[in-house]
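Undergrad: Listed here are the chains, written in short residue letters.
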Amino acid sequence: MAAPKAFNATRGDKVFDVVNIVIMSLVLIVTLYPFLNVLAISLNESADTVKGGITIVPRVFTFENYQQIFQYEGLVRGLWVSILRTVVGTLFGLASASMLAYVLSRPDFQARKFTSIFLVVTMYVSGGMIPIYILFRDLDLLGTFWVYVLPGVVSAFNVIVIRSFMDGLPYALQESAKLDGANDFTIFWRIILPLCKPVLATIALFLAVGQWNSWFDSYLYNGRHPEWTTLQFELMKVLQSTQQGGSGQMINANDMAQKMAQISPESIKMAITIVVTVPILIVYPFLQKYFVSGMTLGAVKS
Amino acid sequence: METLTPGGTSNKSPGAPAAEADVGKRFKKQSFWRTALQQKYLYFMSLPFIIWAFVFSYLPLWGWTMAFQDFKPAKPFLDQKWVGFKHFVELFSDDRFYLALRNTLAMSVMSLVVGFIVPIIFAVLLNELRGMMFKRFVQTVSYLPHFVSWVVVAGIVTKMLSTQGGAINDLLVGLHIINEPIQFMAKGNWFWYIVTASDVWKEMGWNTIIYLAAITGIDQEQYEAARVDGANRYRQMWHITLPGIRTTISVLFIMAIGHLMQIGFEKQFLLGNNLVQEYSQVLELYALQYGLQMNRFSYGTAISIFNSVVSVILLFTVNGIFKRVSKESIM
Amino acid sequence: MVSKKAKWIAPVALASLVGLTACGGGASDSKGSGGAAADDTGPVTFSLFSADSNPNWNGMKDDVGKVITEKTGVTLNAEYAIGGDTQKVSLMIASGEYPDLIMPKGDTSKLVEAGALVDLTDLIDKYAPNIKALYANDMNRLKYSKDDQSIYILPTYTGVGQTSFDAGGGFELQLEVLKELGYPEIRTLDDYEKALKDYYAKNPTINGQPTIPLSLNADDWHIMIGVTNPAFLATGLPDNGEFYINPETYEAKLHYKRPEEKEYFRWLNKMNSEGLLDKETFTQKRDQYLAKISSGRVLGTINQEWDYSEAENALKGSSDPTMQNRIYGHFPVTLSDQYKDHSFMDVGFPGGYGIGITTNLDENQRIRAIKFLDWLASDEGQVLNNWGVEGKQYNVENGKRVIPKDIQDRKTNDNATFTKETGIGQYTLMSPHYGDGMKDKTDNYYTTNFPEQIQSAYTQPEKDALKKYNATTWKDLFPKADELGTSAWGAAYNLPAPNDPSYTVAFQKAQDVVRKRIPEAILATPDKFDAIYDGMLQELNSADIVEMENIFSQQIKNTVELWGTGK
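Protein chains in written order, with the numbering used here: chain A, -14 to 287; chain B, -17 to 313; chain C, 1442 to 2008.
Because the hints were derived from the structure by calculation, they are not lab data.
Owing to the predicted nature of the structure, the values given are computational and were not obtained by experimental measurement.
Glycine is no exception: its CB is placed at the ideal position from the N, C-alpha and C atoms.
A hint or two may mislead.
Covered stretches of chain B (in silico footprint by chain C; criterion: 3 or more residues with CB under 8 Å from a CB of chain C, positions within the stretch not fixed) [said to hold, decoys possible]:
#1 36 to 49
#2 53 to 63
#3 158 to 168
#4 219 to 228
#5 273 to 280
Here are the in silico distance ranges between beta carbons for each label pair [as the list claims (entries may be wrong)]:
#6 C:Y1624 x A:T40: 33 to 41 Å
#7 C:T1927 x A:R44: 46 to 54 Å
#8 A:D93 x B:I33: 21 to 29 Å
#9 C:K1643 x A:F48: 41 to 49 Å
#10 A:T40 x C:K1638: 30 to 38 Å
Here chain A stands alone, though its shape is the one from the complex (with noise of 0.2 Å):
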């Protein structure tokens, strides 16, 4: 993308601003059609959706679908411990990878490469499934609210995106604050955090997401505590019942015929995927202010 030499910056900013237009009007349908695919489907009568063809509008409209997952118990009660899980899981990642950020944008703070060497390495190292529930076990975390929360506090990741982004904050502003003889959490807390907002929003939609989508930890660690299954885990549920097909013994052909005719798990798996999603799309215009518009940092630079 060599810089244009002979363009008029006006006629060629108009140009550039056309062909942007259409270039992003090609990635909306192009990335609008699957779930608006899935969204039909989830509309369509199951019987009339196996005959394939759905595309972006319902053939046999119907809410069936819908219907057919509401009926089950736990989704309510699971809809709460998944809203909680959220909240809670979103404010203690924010709180700690905030922290640890700054602490390792300091280029003054002693433990500085050791923290981070530390931190990093955690993302790319496991040590497997079977200690790790051992380790929950010896904790006292299993069947309890806070196996959804507490292992996933501390991630590198996240620590990592945000203090890149306050590395590009000017360093003369805590300067200057010292000087005033605020202490380092202070200069965290009341100058730095404010201006990371854009990033913290990036950070609090992938822990919320994280948070919201995960039903396997629900299923390993509090399978048999119906009090703290998630929203995620009861629609598994939900879907698994309409694809026995694959998983039982084939004993019975009369039974198998039986259980698939009722609903296509097709439909019910667009359904799903429709409800688990509404909820964000309905939270995501408010952290969606802080990271589409610029902003200035002029303001707060004085």
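Given the structure of chain A, go ahead and fit chains B and C onto it with the hints provided.
TA: The following block gives chains B and C in isolation, referenced to the frame of chain A:
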């Protein structure tokens, strides 16, 4: 390495390195403990989490001992039979392992290149959109495919590439580029490209978010100044936006290099079929099929140790190179 | 994320046909009155883990569950696995925390190795008269192995004396094809091929879209159902999973090694080269396959009905009578008429997956647990599980159990809610029970499936077609059990697979080879077929795979000896 833009200041404060040097000099004179006391807040803010990470990430590493045993789940640790490097020897003498390694690296390198560049371009272009509503709408829509599961995406891709009424083949035949529909899904040598393209499609918007956040961190005054100097849009993108997010790009790139071996297996599994097996088998599926699924915990652990060791070596190497060349690193 | 586990584990497990599928369980938290005497029916809670999923479980708050608790005092705290997950059992074993009762599917051997399961032999003998009467002569088949003759698992996934009333497999042809060709005899591959060809020649398109003479489902593990299993079915063998077992010597080898099967695959190769086999057979996903079937333009397929019934239901529900006629009939097609389809061979009680008691319970509690299972196995328990509560879900009229019309309608139309409310069918999988076709002392069937029902469930086009073939069910077209002999080892895919890596690794390797080479051979030009197939055989003759076959042969020999069914 600072890229100075016409009339503006660079995003990465020129003060930082200088300050670092100053600070370093000053501290040398002080004793370790005195500095530590001065930095007590920094310790308060990091030490608890270090311990945390130690408990949840490092303690379970005792599990790595399994790779050197013939591990049986029911037996206590001391009763396990120790076998040295037996499982590693077996791993390194299995042809399928090398095949899986080749495919893993091929696909991860491809997605590293394409999957890295596309979101950056997209973020920069998105940033240039003038209408705020349109900008937010495009951004929102583009991240939606992230929430559509691979099962669904694989279904859509397979249908689009179908020889019977698939959109791509219809288009190519319609434009007379080809005479016969191509059996895309049956050709092993197409597989890596299909996976990479699908991945970009699904994750492009999501991966853009992080760059958008970085772009908002760029001082708007720089753009003002550039416009006053008569810099056109390309110049602004090239000389302000890209340098402004360079740190983020480098940092993500370094971390991604470390993850070259860990690309999951879901998309390969769902997009693949029996005809393209030789191109779709990846390490993590291999570890699952030949390890955990058969209760060969030791073998599975050996694979994951291999993965971790290679990842960490790659990480430190690339981190070192970046440190030397561009002063940007994650450690 | 949502479907991640579901999608891959089940297939992989099924692929091995021996159930590597697993189970697991957490801590056994509540055990009610731990010290309760073995005799009483006072309240007690048992925890249960099942490796199958069951979203309808509602903690025994249904009608049947309430009666069970009332009669036995037992409440179950049940946990069900998701997507055939194999990890929970490992975690359970690693942490030593077992549930009280467990249905581990393919993971029995892991638990036995860990010493987690209780030998039930004496418990059954002393406390479980119903269970004893139920398995009667098949008790030998419950024993774990030749070296360890304990009974760890009561097989509950299969009903004792189970009879299938209809054929759901074989080779399928559209009723419309049969009709247009005047209901020809479909007995051999030549007959089948000719029918496809003749109809295709006359009808190159259906509803304006190109006709597909033959399409198969080869998506992931379905390749076994749709492509490789038919090879032994068409060459006169019963289903023994991936193996051919010599009935005289009990030597097992991969069934692909039989020369006659090569001829079957050669036939598929020919079908492909003549353009009769769907070009997308090996690349399409299951939903594309189903979409084609439900468009009515696939003349024939080779599959089990449960694998395409969704598509057939769409056709049945169509308002167009020709479309209704595009569902499939089932035929026992073989390579030539010297072979007989062995789908309905009597393999005896196959045993298989079931329920066990863990060491988590003490002596008294174990007695309590076996008594609970014994009650479920009683006539009272079985009728309750299958039919529900008398006066509520069924009535007795003139000594016959009858399901009222409105109940039956609910059962058919809103099965999920019905199951959840009534609990019918909810407890069958954990109870030792009789299968379809078995009658109790009152001359009523134990289960609610019987022949009259199957026949009345046929659509009119099916009835018409069956009539032309002088049959009342598709099963009538298949060779009868008494023509087919018996099997000394039951069905090999139901036997616990050897746990030894020298078996499991080689088995997986053989799977990889077969799944790659078979499609390759079928899609090759006919002159290359032999080279590819022979190449595959050579790969399958590597030392480790031969060793795996030997291990399995030994397993079969041990089984026959243990069961006392040898010659």
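Undergrad: Hint by hint, say whether it matches the structure.
TA: Verification of the supplied hints:
Coverage of the region 36 to 49 of chain B by chain C is violated. Counting CB-CB distances below 8 Å, 0 residues qualify, and the rule asks for three or more. Only residues whose C-beta sits within less than 8 Å of a C-beta in chain C count toward coverage, and the region 53 to 63 of chain B has 3 of them, enough to reach three; the restraint holds. Evaluation of the coverage hint for the region 158 to 168 of chain B: fulfilled, as 3 residues show C-beta separations to chain C shorter than 8 Å, against a requirement of three. Coverage of the region 219 to 228 of chain B by chain C is violated in this model, with 0 residues showing a Cβ closer than 8 Å to a Cβ of that chain against a need of three.
Residues of the region 273 to 280 of chain B with a Cβ under 8 Å from some Cβ of chain C number 6, which satisfies the need for three, so the listed coverage holds. Roughly 40 Å separates the CB atoms of Y1624 of chain C and T40 of chain A, a value that falls within the hinted 33 to 41 Å. In this structure, T1927 of chain C and R44 of chain A meet the distance hint of 46 to 54 Å, their C-beta atoms being roughly 51 Å apart. In this structure the supplied range 21 to 29 Å holds for D93 of chain A paired with I33 of chain B, their Cβ-Cβ distance being about 23 Å.
For K1643 of chain C and F48 of chain A, the hinted distance range of 41 to 49 Å is satisfied, since their beta carbons lie about 43 Å from each other. For the pair T40 of chain A and K1638 of chain C, the supplied restraint of 30 to 38 Å holds, since their beta-carbon distance comes to about 35 Å.
In this structure, the earlier hints numbered 1, 4 are contradicted, and the remaining ones agree with it.
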